[in-house]
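Asks: Each chain, written out:
There are 2 protein chains.
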Amino acid sequence: MKHPSLAPVIAALPPTVPFVGPEVIERRTGIPFRARLGANESAFGPSPKVIAAIAAAAGDVWTYGDSEIFAVRSALSDDLGTPLETLSVGEGIDALLGLTCRLFLAQNDRVVTSLGAYPTFNYHVAAQGAELSTVPYEDDRESLSGLLEATRAAPTKIVYLANPDNPMGTWWPAEEIEHFIDAVPPETLIVLDEAYGETAPAGTLPAIDVARPNLLRFRTFSKAYGLAGMRIGYCIGPADLIAAFDRIRNHFGVNKLAQIAALAALDDQDYLDRTVQAIAAGRDRIAERARQLELAPIASATNFVAIDCGSASRAGAILERLLARGIFVRKPAVPVLDRCIRLSVGRPADIELACDTLESILAE
Amino acid sequence: MKHPSLAPVIAALPPTVPFVGPEVIERRTGIPFRARLGANESAFGPSPKVIAAIAAAAGDVWTYGDSEIFAVRSALSDDLGTPLETLSVGEGIDALLGLTCRLFLAQNDRVVTSLGAYPTFNYHVAAQGAELSTVPYEDDRESLSGLLEATRAAPTKIVYLANPDNPMGTWWPAEEIEHFIDAVPPETLIVLDEAYGETAPAGTLPAIDVARPNLLRFRTFSKAYGLAGMRIGYCIGPADLIAAFDRIRNHFGVNKLAQIAALAALDDQDYLDRTVQAIAAGRDRIAERARQLELAPIASATNFVAIDCGSASRAGAILERLLARGIFVRKPAVPVLDRCIRLSVGRPADIELACDTLESILAE
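Protein sequence lines correspond, in order, to chains A and B. Position one of the first sequence corresponds to residue 1 (my numbering), numbered consecutively onward. Position one of the second sequence corresponds to residue 1001 (my numbering), numbered consecutively onward.
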């Protein structure tokens, strides 16, 4: 059967997906997950006020959401002290990263990221036919000096950095990030992914500075705010870069209930604070149990903990057994990092179940 | 301030948006709309069962939605009698059209559509740097012969056709569409937009035939199902074209509540039937009132009615006055079609309010 041909850039793409979803794994194995700790979702859920707001608006979904996402952008503008026109709201960071790649990347453009950093960003880079240059992690952190060196080594369109980092959970203090930003050549766009910013210690996120002409920062309601399924995140940057999103984004793409939920979430900072505390307590508990099992938890500023299992083969074997016993976790895919498994911080019962299962696997 | 440069294709794009949203108009004018009849939403709303399903799941939104949208695709597969792998679900037809353009269009590729047809499709075509060739409507219908002639006149990557059509509401019977499909060269992808398929008379939609290698059909939960704000639609086509979406789509992009809502909507066909009847009655009522005002309603298979006001300038003046009096309607933008205003079928009270206002405007 002869089909209309795909665009050359697309025809060259492999049929990979960045992540295999937990429901997909369940359908493949027939084993339902008893604990869902693999996607860095917030098992603490959204604020009860958010849940109430969604339920109250359920009958209103016959209208498209506001194409300017004005209420959410206004609230963010107030909270962050940055003008409305420096904020773009999209269908989660994934969608915003995709738009960013489409805005800036032409075929064969060079992009720098860390080897083992966020696969979905790489997926969007590949879709543009751009070329990834990767820099190894250093002591389980994204290497600021390495990223900088790679960025300077050849004309680079985008450099990607997550702070805090996924999949390791490590982070740099704000002043180190600021030095990095200062040092990146102005023709290179810095994509600073702060998906886990809310759970990081004070002093991790640089102050907002939208005068910086080559910096876009990405944040989300999917993690600490507990709204992963709603698909809403935002980008902060200089007004003219932010305006560029309007050239290609789906103007009516942000779900109406997502807008309502995000607004209610921003309005309940007490709940966010309590969630962040619960996540910190959960991190400590995971680390404690890992150490009891003679594994080495890596200090984390996120809602997950990477646990060093000593070797890639051991980590892989542990992961496989956890999945087989209904515990959804993931592990980093690339060498050195792949000696770890990664547990999202669930509710206390989820953590105990996962760690009990881990304990019995290690005892075998 | 020097910025990292946009990709050449993007830098060449005008800063237009396909539609100005009603909330945007309200913020500009300061006049809140009393009737919302401009975006072809369904003011009848979704099924009460859908509303209940959304409310019941409001607390579950901390997890990402299923990346394979398996439940919805399974239900569609059963309902339509077509295999799972011939269905892709996305964030509304807008998102799916965007992906389709990205999959198939390289710079300078040729695309054929009708002059005045769906602007959001054109927007996505422009974002690829492809070139639109437009064919005038004929007697207020998309011209099948004209589209075919244009498609054959030069190598054409995509031909777009909506049946029923927006913004005129007109339609072709299935057999005419089938003849068109048969006649399009196999190297040209046919994008058949059936957003308004549910409200069309029996015999409008061709039977599903996924053996057709160059046909993608697009349907949505935004119109008759009353879920515009949820952003969920689907594409039906041959398995290998459908698989191509997986190379670039946002795998976790479809909102979890949208998946739940769509499934509940499919499960309440009685409600859909009643809504479709109410829409038909509303179309008749709008047409009746238009005729009473000595305007010429155009027969419609959709959830809106285009009303011929005699000239573009008169239609424009009427539109402006309706907006100023809090009635949100739109009008086609291109010559010949632009002699019309377009009223979505609202609830009876919305229709009477809009038509009363129209009457008083005409009396002035």
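Think of the hints as simulated: they come from the structure by calculation, not from any bench. Keep in mind that this is a model prediction, so the values were computed, not measured. It cannot be assumed that every hint is accurate.
Below are the EDC-like pairs computed for lysine to aspartate or glutamate, each with C-alpha atoms no more than 16 Å apart in a straight line [as the list claims (entries may be wrong)]:
#1 B/K1002 with A/D60
#2 A/K2 with B/D1267
#3 B/K1049 with A/D60
Pair ranges (Cβ atoms, derived) [to be verified]:
#4 B/A1056 with A/P136: 46 to 52 Å
#5 A/D267 with B/D1079: 48 to 54 Å
#6 A/F19 with B/S1313: 50 to 56 Å
Using N, Cα and C, we set each Cβ at its ideal position, and we do this for glycine too.
Asks: All hints, please: hold or fail.
Replies: How the hints compare with the structure:
no. : hint                            : verdict
1   : B/K1002 with A/D60              : violated, 44 Å
2   : A/K2 with B/D1267               : violated, 36 Å
3   : B/K1049 with A/D60              : holds, 14 Å
4   : B/A1056 with A/P136: 46 to 52 Å : holds, 47 Å
5   : A/D267 with B/D1079: 48 to 54 Å : violated, 40 Å
6   : A/F19 with B/S1313: 50 to 56 Å  : holds, 55 Å
Of the numbered hints given earlier, the model fails hints 1, 2 and 5; all others are met.
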